[in-house]
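So the chains spell out like this:
2 protein chains.
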Amino acid sequence: MNVLVVGANGQIGTHLVEKLNETESYKPVAFVRKEEQVAKFEDKGIEARLGNLESSVTDIKKSMKDIDAIVFTAGSGGNTGTDKTMLIDLDGAVKVMEAAEDMNIKRFVMVSAFQADVRENWSEEMKPYFAAKHYADKFLMNSDLNYTIVRPGMLENKPAIGKVSLTRALTEATDPMTIPREDVAQLIVAVLENDHTYLQSFDVTTGDKEIEEALNEL
Amino acid sequence: MNVLVVGANGQIGTHLVEKLNETESYKPVAFVRKEEQVAKFEDKGIEARLGNLESSVTDIKKSMKDIDAIVFTAGSGGNTGTDKTMLIDLDGAVKVMEAAEDMNIKRFVMVSAFQADVRENWSEEMKPYFAAKHYADKFLMNSDLNYTIVRPGMLENKPAIGKVSLTRALTEATDPMTIPREDVAQLIVAVLENDHTYLQSFDVTTGDKEIEEALNEL
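Residue numbers (our numbering), protein chains in the order written: chain A, 78 to 295; chain B, 78 to 295.
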């Protein structure tokens, strides 16, 4: 199964590509913006394709040949303004969804943001970011794609813990509201073909369950 | 029929409230953000209600008592950044839609932007604005509301001409791509109960047809 990782050069993306590459079942294909990023992945024996989320749906589709599933973990990041948040995190994400639909690629895993579904819980200073994620998620839910929307808690660069808590409603949430990026990547690998996660969206933080166990309870 | 005009203090909104107020069939209710704007409308004998598009859906609903139709013509304007475009033009608009659905107000007229439906035609420097309008429109089309989406050409402050051209696909568009704001307001009055416009979206510019005639051809 060929998995296109959009945002492969990001922090979650880097973990995810490595973990997919270690499996028997999955072959990662890195979707990256710069030639030097293509070279970086190819040096590690990983296929990489050039693509730009600010280009057209037609152009984005050119990077989707022979792809079976897509993970969207791209983002404009904290160093650019809300212009880029609108054009990458929202419009870029939706263009990837439209391209996937056109290419008949059904499986789509979205890395969203903790509580992006609940306006009242958006932090004041990051409201535009949460709004962008919220509407990208909404668009995905209204699409014909077989989606899973993963909303991780505050991301940390600690090594994987391997235990998580999934919540579909805030009242069930467990402290601490953090999760290592490596655990998010591991969870995504486990999500890809787990049919309990099809058409589901959930928050995920570090918790007390094995990843498989938590996913199977969805 | 009580028509809530969201963005009543704006340039199209001001025309629209006046024109609605001149009719027998419609009573405008101005939805405005500031106390002094409420006073301004009340001085003219027009009902006005305080509301804030950055507040919650619950709060917005409080301004919707006894309302039969909503016209959304609010916008953060060109003097604020994309943060406000995201939170007013997109999220604010969607909150009004959600409030309308909750209040069982079915009729919703959206003032969108020329060609907001066609990414390739978004001007480079205003892309985030067009994206915000695009996704607000998309959300409206996916809602259960009885919408009409009006995408006016470049807005001018000239007096009304009274002749328009409506186009649902760019190839049919007519030069010049401008339209006086007063004509947009007049068109909205004519749209409100015209069932040819239900669940429709179109660009509108100055053209060669009477407004009623153009609408009836939809």
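Among the hints, a few may not be true.
The list makes no distinction among identical chains, and a pair is therefore deemed to hold if it is satisfied within one copy or across any two copies.
Calculated pairs, DSS-like style, for lysine-lysine (alpha carbon to alpha carbon, straight line, at most 27 Å) [what the hints assert, rightly or not]:
#: 1; residue 1: K96; residue 2: K111
#: 2; residue 1: K204; residue 2: K286
#: 3; residue 1: K204; residue 2: K138
#: 4; residue 1: K286; residue 2: K161
These are calculated hints, taken from the structure and not from any lab test.
How the hints compare with the structure:
Taking identical chains as interchangeable, the C-alpha atoms of K96 and K111 lie at most 27 Å apart only when both belong to the same chain, with a minimum of 22 Å there against 54 Å between chains. For the homomeric pair K204 and K286, neither the shortest alpha-carbon distance inside one copy (31 Å) nor that between copies (44 Å) is at most 27 Å. Taking the closest pair of Cα atoms, K204 and K138 come within 27 Å of each other only across two copies (21 Å); inside a single copy the shortest separation is 31 Å, beyond that limit. Proximity of K286 to K161 under the C-alpha cut-off of 27 Å is found in neither arrangement, the shortest distances being 36 Å within a copy and 40 Å between copies.
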